[in-house]
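Please take these sequences and the hints and turn them into a complete structure.
Number of protein chains: 2
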Amino acid sequence: MFAERGYDGATVRAIAERAGVDPAMVNHWFGGKEPLFVAALDLPADPAAIIGEALPGDPEHLAERVIARLLQVWDETGGAQLATLLQSIAGHEVAASLLREFIGRVLVGKVLSTVAPDRPELRASLAGSQMFGLAFVRYVLKVEPLASADHATIIAAVAPNLQRFLTGPLP
Amino acid sequence: MFAERGYDGATVRAIAERAGVDPAMVNHWFGGKEPLFVAALDLPADPAAIIGEALPGDPEHLAERVIARLLQVWDETGGAQLATLLQSIAGHEVAASLLREFIGRVLVGKVLSTVAPDRPELRASLAGSQMFGLAFVRYVLKVEPLASADHATIIAAVAPNLQRFLTGPLP
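Taken in order, these protein sequences are the chains called Y and U. Here the UniProt record's numbering is used: the first residue of the first sequence is 1, the next is one more, and so on. Here the UniProt record's numbering is used: the first residue of the second sequence is 1, the next is one more, and so on.
Mixed in with the good hints, there may be bad ones.
Note: identical chains are not told apart, hence a pair may lie in one copy or across any two.
Stated by the list, open to error - List time: in silico SDA-like cross-link candidates among lysine to any residue, alpha-carbon distance up to 20 Å:
1. LYS142 <-> LEU85
2. LYS142 <-> ASP8
3. LYS33 <-> GLY52
4. LYS142 <-> LEU98
5. LYS142 <-> SER97
6. LYS142 <-> GLN72
Hints are computed from structural coordinates only; laboratory data are not their basis.
Following this line, the structure appears as structure tokens:
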């Protein structure tokens, strides 16, 4: 349904109807449309939830909290799930378009715009480029020393750059 | 041969012998081992050559020149070739290990260490994370506004971050 109608167009009601169950069951088992979508995409974790968890606290250290939480989640699955995800995105336009819409609709709309009101779309795509790239180099390409660096080293190296994308001055 | 023996282990002589040709023919048609490797990996362009072209000039603006040149090369193929490359790397450990060795051996050894003598391996992997991520978001995920932003906008947004990875202070 997400692939057919996009994130906005696929309502929980319509998904439940197609599945032949009560909409309340979808909400009961998945907790809502966004977690259902994350489950459908087989994401290692819900990016919106992670950024939502990282939001409270000093805005100047938002990037540190985001990177710390993402590394924790990614390391738990050893990167294997992430490699599969990146491969399926690179190979399937439907997966790419769903993730693209999800980034625009959920990450930008709900989360980033509360922190950085100016140019949230540009900031989200730039922040995404850094975090996707970090995941790719650490877990898929496995380039050293990033592949086996400890979290503190990566946070110290990458956080200033991510922080600029999130809240710093942009051209 | 590269997959069997790695970049260093696969000599032009051995490759020519396996192919049943004179080593001079390999050099004549491919211009040496590095361009032969780039051809074997089916890279859209030789990253070492691109950074080599960007090296001359003010070191403070190295990142701007690297991004400008890469965007030019990537845009020429519309990103399709890049998506295929990223997919094949995510799906095949051999391709990943070859590219990993290439980054370590050629990019770090030959190029980056001449600009930033301290921690060249960390700088190369960090710079790689930003540029792989930019390529992924712009050409594979196609997240707006990065997907259709003009080169000047991308350079202004990303160059300060890449420049920090290349020559700035690292923890």
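Hints and how they fare:
Within a single copy, LYS142 and LEU85 get their C-alpha atoms as close as 16 Å, and across copies as close as 16 Å, so both meet the 20 Å cut-off. Taking identical chains as interchangeable, the C-alpha atoms of LYS142 and ASP8 lie at most 20 Å apart only when they sit on different chains, with a minimum of 18 Å there against 36 Å within one chain. Taking CA atoms no more than 20 Å apart as the test, LYS33 paired with GLY52 passes inside one copy only; the shortest distance there is 16 Å, against 49 Å between copies. When the C-alpha separation of LYS142 and LEU98 is checked against a cutoff of 20 Å, the pair qualifies only between copies, where the shortest distance is 11 Å, while the shortest distance within a copy is 27 Å.
Taking the closest pair of Cα atoms, LYS142 and SER97 come within 20 Å of each other only across two copies (8 Å); inside a single copy the shortest separation is 26 Å, beyond that limit. In this assembly of identical chains, LYS142 and GLN72 lie within 20 Å of each other by CA distance solely inside one copy; the values are 17 Å within and 27 Å between copies.
Violation of the numbered hints given earlier is absent; every hint is satisfied by the structure.
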